[in-house]
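J.: Add chain B to chain V, keeping to what the hints say.
Chains as they are written, first to last, in my numbering: chain V, 1 to 272; chain B, 1001 to 1272.
A hint or two may mislead.
In silico contact screen, one side only, chain B against chain V (beta carbon under 10 Å); selected entries [to be verified]:
1) I1006
2) R1008
3) F1012
4) N1013
5) C1039
6) T1044
7) Q1066
8) G1219
9) Y1249
10) H1253
11) K1265
Just so you know, the hints here were simulated from the structure itself, not pulled from any lab data. No residue lacks a Cβ here, since even glycine has one placed at the ideal position from N, Cα and C.
Protein chains: 2
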Amino acid sequence: MKINTIKRHKSFNGETVFASHYSKTTQTEMKFSYFHPGCNEVETIIIWLSGLTCTEENFITKAGAQFHLKDSSSMIVCPDTSPRGLDLPEEHSSYDFGSGAGFYLNALTDGYKDHYRMYDYIVLELIPLLQETFLPKKFSISGHSMGGHGALVLGLKQKDFFHAISAFSPIVNPMNCPWGQKAFSGYLGEDKELWKDFDSCELIKSGNKHHKKILVDQGLSDEFYPDQLLTKNLEDVCQQYGQEVEINYREGHDHSYYFISSFIKNHIDFLV
Amino acid sequence: MKINTIKRHKSFNGETVFASHYSKTTQTEMKFSYFHPGCNEVETIIIWLSGLTCTEENFITKAGAQFHLKDSSSMIVCPDTSPRGLDLPEEHSSYDFGSGAGFYLNALTDGYKDHYRMYDYIVLELIPLLQETFLPKKFSISGHSMGGHGALVLGLKQKDFFHAISAFSPIVNPMNCPWGQKAFSGYLGEDKELWKDFDSCELIKSGNKHHKKILVDQGLSDEFYPDQLLTKNLEDVCQQYGQEVEINYREGHDHSYYFISSFIKNHIDFLV
Chain V
1 MKINTIKRHK SFNGETVFAS HYSKTTQTEM KFSYFHPGCN EVETIIIWLS
51 GLTCTEENFI TKAGAQFHLK DSSSMIVCPD TSPRGLDLPE EHSSYDFGSG
101 AGFYLNALTD GYKDHYRMYD YIVLELIPLL QETFLPKKFS ISGHSMGGHG
151 ALVLGLKQKD FFHAISAFSP IVNPMNCPWG QKAFSGYLGE DKELWKDFDS
201 CELIKSGNKH HKKILVDQGL SDEFYPDQLL TKNLEDVCQQ YGQEVEINYR
251 EGHDHSYYFI SSFIKNHIDF LV
Chain B
1001 MKINTIKRHK SFNGETVFAS HYSKTTQTEM KFSYFHPGCN EVETIIIWLS
1051 GLTCTEENFI TKAGAQFHLK DSSSMIVCPD TSPRGLDLPE EHSSYDFGSG
1101 AGFYLNALTD GYKDHYRMYD YIVLELIPLL QETFLPKKFS ISGHSMGGHG
1151 ALVLGLKQKD FFHAISAFSP IVNPMNCPWG QKAFSGYLGE DKELWKDFDS
1201 CELIKSGNKH HKKILVDQGL SDEFYPDQLL TKNLEDVCQQ YGQEVEINYR
1251 EGHDHSYYFI SSFIKNHIDF LV
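Isolated chain V, as found in the complex (with noise of 0.2 Å):
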């Protein structure tokens, strides 16, 4: 497998790098950006799964996550929220479905099954290749919005493989919200049964635990929290199931780029 760099940035005394690999899960050219400490040897790398509309581009730039990892021995990875340049039916007529919307799930609906498993290609593909390349003890998972969503489940799904799960205002039962029913209808069809595979809150209420307790931050002002978010049901889920989670409700936060900058060094901390 080969990775191609596209841009490189000093940061620090390690970088922020651009790069791009051909993926045989997704059949498309999978691009990812990664911040490298500038260490010998890499501890932990957290996988950072972005929300809708994002690329490969927004955390790396805007979280201010390079930092607190300036100093450490772990990198963090972003990928890019769907494979690209494909012309799959209503693939780019909305923002939250599609391009830039791939939902961290494997699609099974005519046209996505061969392009949008964006679940095999970050634990099949995207991982083994960090693996290979930079030698690293162990991965954490964490994300944002669909990003949160998406850690939420491959950390639970993958339970025993990565060592710490994060999510900022994740959409945490996407079966039960506007966004994830359009999602989950679209990649998976009509059948709920197939849905409950990318729940986090089906993945608990079916047994699935992290042995590790989940970390979770949720704005109070984020106007998506009500209604596509669902942060409640996370929380009685894990606490009917016995899954040790702290989510920390905070006052006056909304759903941006901001929100996630006061509170990444606290994730950064709990995921390394």
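T.: Frame of chain V, contents of chain B only:
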């Protein structure tokens, strides 16, 4: 004078705000952003001047400055880089002249002289508005590239007003580089005597001197360093005319915000 708040984002325990106000100087609505850490009394306001193509958004989104100011009593305020909403000759035809490229001077040429007065706008209008609104004890000034030029020029011309001056990758001698020559002939006309009033090297030569050391950071892998930025000219003129200056040449660093975010903490500590 009235500030229109466009967007507010809680950031740490303060807020990142996007605002605008009508400027009599530019005869346009002018935008700016700021971070207020939530302190009761404001000690220092840092004016940040951005570079070519930037708006009020780049620095406040990408530099990670909020983290370093969150426990302080100091704000940072980032004006837009030119008037907007006009349609002057050649105003929108290149990235290095007209919109997004105001060069922090007072234009003399037809059309531009009525609006492109970023020097007066900042000194005579924005700063008084900030004084009246936030009651800071003092102001400092910094900026990047074209905005580094602006910080040096405003700081030297208003040498008794600003507490401290710093710059990242500044265009130190615009009279002698292509970006400056294009801008100065377009805004000031062909009489080069008039250019000297907005060239930091010339200002130092003619006796302008700041009582405090000027702090400059310059990346050595910055593609604009050899032909546009001419950092050595500032170093020479400071030595010759007794202006104290600290110029840090940074191995491997480029012209991007990844460079700025790597050293912004040092600058903030110096400026507050």
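J.: So which hints don't hold here, by number, going up?
T.: As far as the earlier hints go, 1, 5, 6, 9 are violated by this structure, in ascending order.
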